[in-house]
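FYI, the numbering for the sequence shown is 68 to 226, going by the numbering used here.
Derived from the structure by calculation, the hints contain no laboratory data. Check the hints yourself; a few may be wrong.
Claimed, not checked - Straight-line distance between alpha carbons at most 30 angstroms, and here's what the computed DSS-like set of lysine-lysine pairs gives:
no., residue 1, residue 2
1, LYS185, LYS195
2, LYS154, LYS173
3, LYS154, LYS187
4, LYS195, LYS212
5, LYS173, LYS185
6, LYS173, LYS212
7, LYS212, LYS185
Unchecked claim - FRET-style restraints, in silico, Cβ to Cβ:
no., residue 1, residue 2, range
8, GLU96, ALA181, 43 to 53 angstroms
9, ARG137, THR199, 17 to 27 angstroms
10, ASN91, TYR210, 47 to 57 angstroms
11, LEU81, ARG137, 51 to 61 angstroms
12, PRO113, ARG197, 45 to 55 angstroms
13, VAL224, ARG137, 40 to 50 angstroms
14, PHE93, SER215, 39 to 49 angstroms
Predicted model only: the values in this text are computed from it and were never measured. We put the CB at the ideal spot given by N, CA and C, even for glycine.
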Amino acid sequence: VHGEQRHLHLHARLAQASGLAPQNVFIMENGYCWESDGQRAALGEPVPAGDVYVDGALIGTIGDGIMQERERLAQDGFVVVYVPVDKRRRLAGEPRLVSHGFLPPKTAEPLLQAAVSKLKRSLPRGQKPRATAVQETLADFFYAKTASRPLILSNIVRV
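The whole structure should be built from the sequences, with the hints applied where relevant.
Here is the structure:
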């Protein structure tokens, strides 16, 4: 018998209503073992149990940090920012933002344009933009406007 806790309790009630003695009705959790000799039932020794995650060829090696990151991506999406710089690493064009899973396209476009304007104003003139400063500026901007925290990937690209 399987299911959530509420299902397990309903299954137990159904078993008792069908004539099974209460001492022979068990609500099990993952890792619990049930043993029977045909006449009586009892809890056996527990076994190791838990979630097993599959990620491509990897099985069971995904940690909590990766799962939290994936949950964040699923909830808030991500934004990639490309900042073009010249050979002296100064701003050499318009930064470009691309978002996925963050906002609907019609809503995202004006917000992304405003984010580019904010980013350009925040970049130091005549100096190399720092990826962390770009990320912080955009993170603050997006949170202030949407109360969301998309993952921000910044690419300082030499053109």
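Verification of the hints:
| no. | hint | verdict |
| --- | --- | --- |
| 1 | LYS185 - LYS195 | holds, 17 angstroms |
| 2 | LYS154 - LYS173 | violated, 36 angstroms |
| 3 | LYS154 - LYS187 | holds, 19 angstroms |
| 4 | LYS195 - LYS212 | holds, 27 angstroms |
| 5 | LYS173 - LYS185 | holds, 20 angstroms |
| 6 | LYS173 - LYS212 | holds, 15 angstroms |
| 7 | LYS212 - LYS185 | holds, 12 angstroms |
| 8 | GLU96 - ALA181: 43 to 53 angstroms | holds, 51 angstroms |
| 9 | ARG137 - THR199: 17 to 27 angstroms | holds, 23 angstroms |
| 10 | ASN91 - TYR210: 47 to 57 angstroms | holds, 56 angstroms |
| 11 | LEU81 - ARG137: 51 to 61 angstroms | violated, 37 angstroms |
| 12 | PRO113 - ARG197: 45 to 55 angstroms | holds, 52 angstroms |
| 13 | VAL224 - ARG137: 40 to 50 angstroms | violated, 27 angstroms |
| 14 | PHE93 - SER215: 39 to 49 angstroms | holds, 45 angstroms |
Violation of the numbered hints given earlier is confined to hints 2, 11, 13; the remaining hints are satisfied by the structure.
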